Amino acid sequence: MTLHHDALLWAVLAVINASLVVFLAPLLDGVERKVRARVQRRVGPPILQTVYDLIKLYRRPPTQDPSAGPFHGVAPFIAFPTALIAALVIPSVLPYRLGFPGDLIVVAYLLVSVSTITSFGAASSSIPYSVVGGWREASLTMASELALGAAVAAIASANGSLLLASVMPAYSVSGPKPSVLAALAGLAIITYVEGGRLPFEIAEAEPELAGGVTVGYGGSSLALLLHSLMIKRVLFTSLFLDLLIPWDALPVLGGYCSWVVLRAALFTAALTLTSVVFAALEASYGRCRPGHALTLVKRAVIVSGVALIASCFGI
Amino acid sequence: MRRASGSDDSGKGSVRPGSLKGLGEVLRELGAEDVRVVHAGAVLVTVGKGRLRGFVEGLLKSFEGEARYSTGVGTDFRPLEGSYAMTHVIALDRVGAYVLVEVRSGAVRPSIPSITPVMPAANWAEREARDMLGIEFDGHPEPVRLILPDDWPEGVYPLRKDFPYDLKLSEVEGVDVGRMVGEPRNFSVSPRVRSPDAEVAYASIPMGPYHPALHEPEYYELYVEGERVVDAKYRGFFVHRGMEKLAESRMTVNQVPFLAERICGICGYTHACAYCQAVEAAAGIEVPERALFIRSILLEIERLHSHLLWFGVAFHLLGFDTGFMAMWRIREDVMRVAEALTGNRKTYGMNLVGGVRRDVRGEKVSLVTRMLGKVEEEFKGFCRNALRLSEVVERVKEVGILTREDAMKLGAVGPHARASGLEIDVRADHPYAAYGFIDVNVAVKDSCDVLARILVRYEEVLESVRLIREFLKLMPEGELMAEYGEIPPLRVGVGVTEAPRGEDVHYVVTGLGNRVYRWRPRAPSYMNLATVPTMLRGERLANVPIIIASIDPCFSCTDHAVVVDVRTGARRVIKLQNLLRGCPP
Amino acid sequence: MSRLRVLIEGLSKDVVTEKYPYAPVEVPEGFRGKPVIDPSKCVGCGSCVNACPPNALSITDEGPYRVVRLFIGRCIFCGRCEEVCPFNAITLTREFELAVTDTADLVQEVKLVMARCAACGEPYAPLREVRKVAERLPDELRALAYLCPKCREVMASHYVSFARR
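The listed protein sequences correspond, in order, to chains S, C and R. Sequence positions in the first sequence follow this note's numbering and run 1 to 315. Sequence positions in the second sequence follow this note's numbering and run 1001 to 1585. Sequence positions in the third sequence follow this note's numbering and run 2001 to 2165.
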């Protein structure tokens, strides 16, 4: 079912969608923690725990670091709105399209921005651990950026379009070509990596010396930072699901409203399932050394790069 | 395989005394003024100041490749004979004996020649004696503070007999506690002294005394270039608690085992055993065999829990929390069995001088056997998978190298030393408790890296399971406690055990009225910590925690001095551009 | 494959988290918990005080009483007091939930009435201890038990000086 372009309807759906993403993000994190706990034969925290943690942090004043660079303090306050804009633009639980040529690039750019802002914010800190963590996160982001760009370009090239609406799913125009499938594979890896999951969570590693990107923050700025990263995670997964599964092919059984609700429920279920699978996978991993982690991401780059090249040849 | 004392096929060393008496003769020839066998396995020699270095050099030459520095003890004998003494305890592992080299000094401005130039592992022991007793060691290459903070006032020596154990620094005449600043002035200077210019090029990352990666307070200063560690400095002794002074001041001989047990929250029982062994040897008390077997069983149970704990910590530091949870889950059964046998999960409270307080029989034996089966199966099963994960192995292979030569020179002990190819284990070399009745398989690897340390401990877990089964099988009936009268005063005793981390030495001089005149526990981590700067040089920053953890450091074990409430952390301003230089894009 | 096995092993077995504190936890027989003094048995001999490594047990004379005091805050639960008490007056229970909001709740006190010396009238030892000692003495020496150490010494020296063979 396709929907007529009613600008107001889209806007309303976009806002509701973004709000849903904002609330789903910590919930899904709670699911991941629960799954990880079960793999480790523990009871683990309740699924709402991350919500409670965020609320606790939001209620506290942000910490100040007078000896840090100016970007350090504002970074969370820039990252969060960026994440919100991304949540408005990327279709997730609710269906809608932004609908302008090149919105595919905008989407990729916004997602990457959140990481860039947070890692450079950390690198501006006065704490050596934070600086090292920020640089590690930045180098990882740059590598996965390449893979993301290549995968997106491959899909765009295969379908001959830079319009997100046209590539939902990625094989809608081109059919299930090898280049498209390879691009989707690369995208799956990047989705996992960009979620800050082991073995890639090198920037967050508290038992390591580098305390990660969050070390310099506390209180509400920490809440904004963590929340931004969680939203980024959900949006990456949503983008992947948008490109993988033909959601619009869902049959309409009642009116439009019931279709939306059903689609939303199924999408949420898909998000949850992805979280469960990723969390279980994560629980079986130790942490990579930064150099080693980059090597693994490079593999994703190669897969996506090959996809891109293949798509140029119509494969 | 266990080597019987006295037999050797390594071809090292030109001296092969068949008995302690023979050893005594060798020592006399090397220049000892007086030679005395204090008890089985320990010979006390008195050497004059002038001959000390020559004697030690001769000793090292005659027992080349096996003379190992165990510990050094400074004692204030002024109330009894008007002098200070420094006793160096040197282990001869192939011979199976300890040589106690005692040197005396006069009471006024006491000084003794340093043996550190010829035996580097004596470095810390001499600095400790200098801090706590005020004995100067002529010729020591690094005569700076070790135990006490840098701003501790001069002339105040806590282990001197005229310093009351409950004296507060604020009550000492001439000391203004308010003006003590808490900035370290002298650091443990590594042999590569850095010029001021060289320092500018490197960023220094302070790690400690409190850091999430560390489980106890310790202070490392890491000099890094990008992600590579160029140099490391260590400062410890933050958990010093005044135990030696406490035991020497207000405790009776049979109260000290309970204090000794609390030196460490992981290997407490081995300290209690080493202490009791020292007193029993000094006083000539023969512990009944059944008690020896019970002690051995509990010592191996402690080794099990300690190694499993360590595996968990190692996995955690590698980011593999699933492994951490699994190891500690397996360990939980060991703790419950310990609780059933002794009344507490960790502080067993089983020892008194002369024996043990509880029996292990009947239902308790079945508990142990069931636990052993479960631990063996689950541990083997999990490690089989975990040690195959590429990201885990990649982080420990060829990381944190400590060459065999360095390990020997610095006096490394325990699994740490055995992972660098040194075949030393107190259970086999100087058998104690019931270890003389069985053969111990000593696990040795020679890849010298963190992986080797993991594999050594892996084998030791399985070996402990086997040993406990053997002990249960062979344990004879009998008494649990020896009968004895008052402990004879002023007898020297050395009690040594193989703690989970290595050789644990307790030196005791008995005192009057059932008390202790001098007690010096030397935990294995004391020796192994000295190897950390060597292992860290040239390593990546990310590897630092796992390398430090690979020696299984027990800082509580290492520290036992007086706690002073003064901040000793240092804050350095990090030049950001220095960190950026050399960082990969 | 090893990775998969790690996952399967974790998921196929039960969760091991205990429900405590929402469910009680059992401690084994022989667990060394809080010591408790039985005031009806304690004679105030002080054996426990001598044996106690951290000095959690103390004895002070306060007026007409000898007070045996146990401060749980210092106790290390070693059980030496239980081991050395000649009258089984102090035993270790299996209680380990000992947190309190008032440190006074960590103190156990036994107040023992002191016996007064038959000669000089000074209090010198708990009456119960004196009685227990007295019943163990042969008849001709029993009276000595009711004297304080100083007066006893004086009496004993009289015996020595004026003993009749």
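Hints listed in this document are in silico derivations from the structure and should not be mistaken for laboratory results. It should be emphasised that the depicted structure is a prediction, and the values quoted were computed from it without experimental measurement. Misleading hints may appear alongside valid ones.
[Said to hold, decoys possible] Straight-line distance between alpha carbons at most 20 angstroms, and here's what the computed SDA-like set of lysine to any residue pairs gives:
hint, chain 1, residue 1, chain 2, residue 2
1, R, Lys2150, R, Ala2134
2, R, Lys2034, R, Leu2092
3, R, Lys2019, C, Trp1328
4, C, Lys1374, R, Phe2077
5, C, Lys1374, R, Ser2012
6, C, Lys1161, C, Gly1511
7, C, Lys1049, C, Val1177
8, S, Lys34, R, Ala2134
9, R, Lys2019, S, Gly175
10, C, Lys1364, C, Gly1511
11, C, Lys1380, R, Ile2008
12, C, Lys1346, R, Ile2072
13, R, Lys2019, S, Arg41
14, C, Lys1021, C, Pro1431
Structure-based check of each hint:
With a C-alpha separation of about 17 angstroms, the suggested pairing of R/Lys2150 with R/Ala2134 holds against the 20 angstroms cut-off. Only pairs whose Cα atoms come within 20 angstroms are accepted, and R/Lys2034 paired with R/Leu2092 is accepted, the gap being roughly 6 angstroms. With a C-alpha separation of about 17 angstroms, the suggested pairing of R/Lys2019 with C/Trp1328 holds against the 20 angstroms cut-off. Taking the CA atoms of C/Lys1374 and R/Phe2077, the gap is about 30 angstroms. The hint is violated against a cut of 20 angstroms.
Restraint check for C/Lys1374 and R/Ser2012: the C-alpha separation of about 17 angstroms stays at or below 20 angstroms, so the hint holds. Annotation: proposed proximity of C/Lys1161 to C/Gly1511 holds, straight-line Cα distance about 13 angstroms (limit 20 angstroms). With a CA separation close to 37 angstroms, the supplied pair C/Lys1049 and C/Val1177 exceeds the 20 angstroms bound. Annotation: proposed proximity of S/Lys34 to R/Ala2134 is violated, straight-line Cα distance about 70 angstroms (limit 20 angstroms).
Only pairs whose Cα atoms come within 20 angstroms are accepted, and R/Lys2019 paired with S/Gly175 is rejected, the gap being roughly 54 angstroms. For the hint linking C/Lys1364 to C/Gly1511, the alpha-carbon distance of about 38 angstroms lies beyond 20 angstroms, and the restraint is violated. Note on C/Lys1380 and R/Ile2008: the hinted pairing holds, with a Cα-Cα distance of about 16 angstroms set against a maximum of 20 angstroms. Note on C/Lys1346 and R/Ile2072: the hinted pairing holds, with a Cα-Cα distance of about 19 angstroms set against a maximum of 20 angstroms.
For the hint pairing R/Lys2019 with S/Arg41, the CA-to-CA distance comes to about 14 angstroms; that is within 20 angstroms, so the pair holds. Taken as a hint, the C/Lys1021 and C/Pro1431 pair is honoured in the structure, with Cα atoms around 19 angstroms apart against an allowance of 20 angstroms.
Hint compliance for this structure: hints 4, 7, 8, 9, 10 are not met, and every other hint is.
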